[in-house]
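Enquirer: Below are the chains, spelled out letter by letter.
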Amino acid sequence: NAGVTQTPKFQVLKTGQSMTLQCAQDMNHNSMYWYRQDPGMGLRLIYYSASEGTTDKGEVPNGYNVSRLNKREFSLRLESAAPSQTSVYFCASSEKTSLQETQYFGPGTRLLVL
Amino acid sequence: GNSVTQMEGPVTLSEEAFLTINCTYTATGYPSLFWYVQYPGEGLQLLLKATKADDKGSNKGFEATYRKETTSFHLEKGSVQVSDSAVYFCALGSGGSYIPTFGRGTSLIVHP
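Protein sequence lines correspond, in order, to chains W and G.
Numbering-wise, the numbering used here comes out as the position in the first sequence, counting from 1, plus 427.
Numbering-wise, the numbering used here comes out as the position in the second sequence, counting from 1, plus 2.
By construction, these hints were calculated from the structure, which means they are not laboratory data.
For glycine and all other residues, C-beta sits at the position ideal for the given N, C-alpha and C.
A hint or two may mislead.
[Said to hold, decoys possible] Some chain W residues near chain G, calculated using beta-carbon distances under 7 Å:
(1) G469
(2) L470
(3) F517
(4) Q527
(5) T529
(6) F532
(7) G533
(8) P534
(9) G535
(10) L538
Assemble the whole structure, with the sequences as input and the hints as a guide.
Expert: Structure representation (structure tokens):
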């Protein structure tokens with residue numbers, strides 16, 4: 428049982444380049460999330476998917492797009508990377524969106540945009 | 003809206019010292035409260051949670067009590083170890099938005 432996996436672990440991009448961060452979970456969870464973590468800012472939600480076939484914006488969606496490919500996979504795309512998108516990106520999943528649900532996190536992707 | 007306020011870090015302690023990390027919240031309705039821990043180079047993982055007032059969550063020697071009257075969920079441990087060095091996040095889940103709200107995190111450094 429791998430839990431939540433993310434690829435790649437590290438990435439360096441030049442301004443204007445595009446890339447897709449991949450996330451997969453094997454816990455049969457309905458809900459998946461993308462966060463970014465910046466020093467002193469904690470975690471900020473970029474997008475989430477409450478269930479397969481749905482996606483919604485979080486707190487900081489600008490410059491990102493997402494795709495819920497199937498129940499297992501939820502990808503995050505940067506169409507034209509900017510230095511402000513340098514961050515650590517975490518994918519998470521939960522059985523469903525509810526008040527009491529625990530979120531399970533992947534190990535993160537460290538992205539540097541030059 | 004919902005918000006979580008944690009004490010600023012880093013908190014630096016010697017091994018076997020007593021730990022308190024303060025967390026207060028603002029939320030609508032009756033939130034659930036969580037503490038997550040992030041070890042160096044890893045993602046967050048749940049440490050403990052409490053889903054109603056006066057509940058106490060506990061795990062690995064850590065405890066936190068859901069205090070509705072003071073809107074607090076302070077994390078405590080009686081005797082910290084070097085292996086407890088990590089960043090601790092307080093979070094809440096509240097009606098109207100089922101997406102958790104996270105605090106900014108408190109870094110704990112434990113010296114031998």
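Enquirer: Look at each hint and say if it fits the structure.
Expert: Evaluation of the provided hints:
1. The beta carbon of G469(W) comes within 4 Å of a beta carbon in chain G, closer than 7 Å, and the hint placing it at the interface holds.
2. The criterion of a C-beta within 7 Å of any C-beta in chain G is met by L470(W), whose closest approach is roughly 4 Å, and the hint holds.
3. Because the closest C-beta pair between F517(W) and chain G is about 6 Å apart, less than 7 Å, the hint holds.
4. With a least beta-carbon distance of about 5 Å to chain G, the hint placing Q527(W) at the interface is held under the 7 Å criterion.
5. At its closest, the beta carbon of T529(W) sits 5 Å from a beta carbon of chain G; the interface hint therefore holds under the 7 Å criterion.
6. Using the Cβ-Cβ criterion of 7 Å, the hint placing F532(W) at the interface with chain G is satisfied: the shortest such distance is roughly 3 Å.
7. A least Cβ separation of about 5 Å between G533(W) and chain G falls short of the 7 Å threshold, and the interface hint therefore holds.
8. Because the beta carbon of P534(W) sits about 5 Å from the nearest beta carbon in chain G, less than 7 Å, this interface hint is met.
9. About 5 Å separates the beta-carbon of G535(W) from the nearest beta-carbon of chain G, less than 7 Å, and the hint is met.
10. Annotation: interface hint on L538(W) violated; nearest CB of chain G at approximately 15 Å, more than 7 Å.
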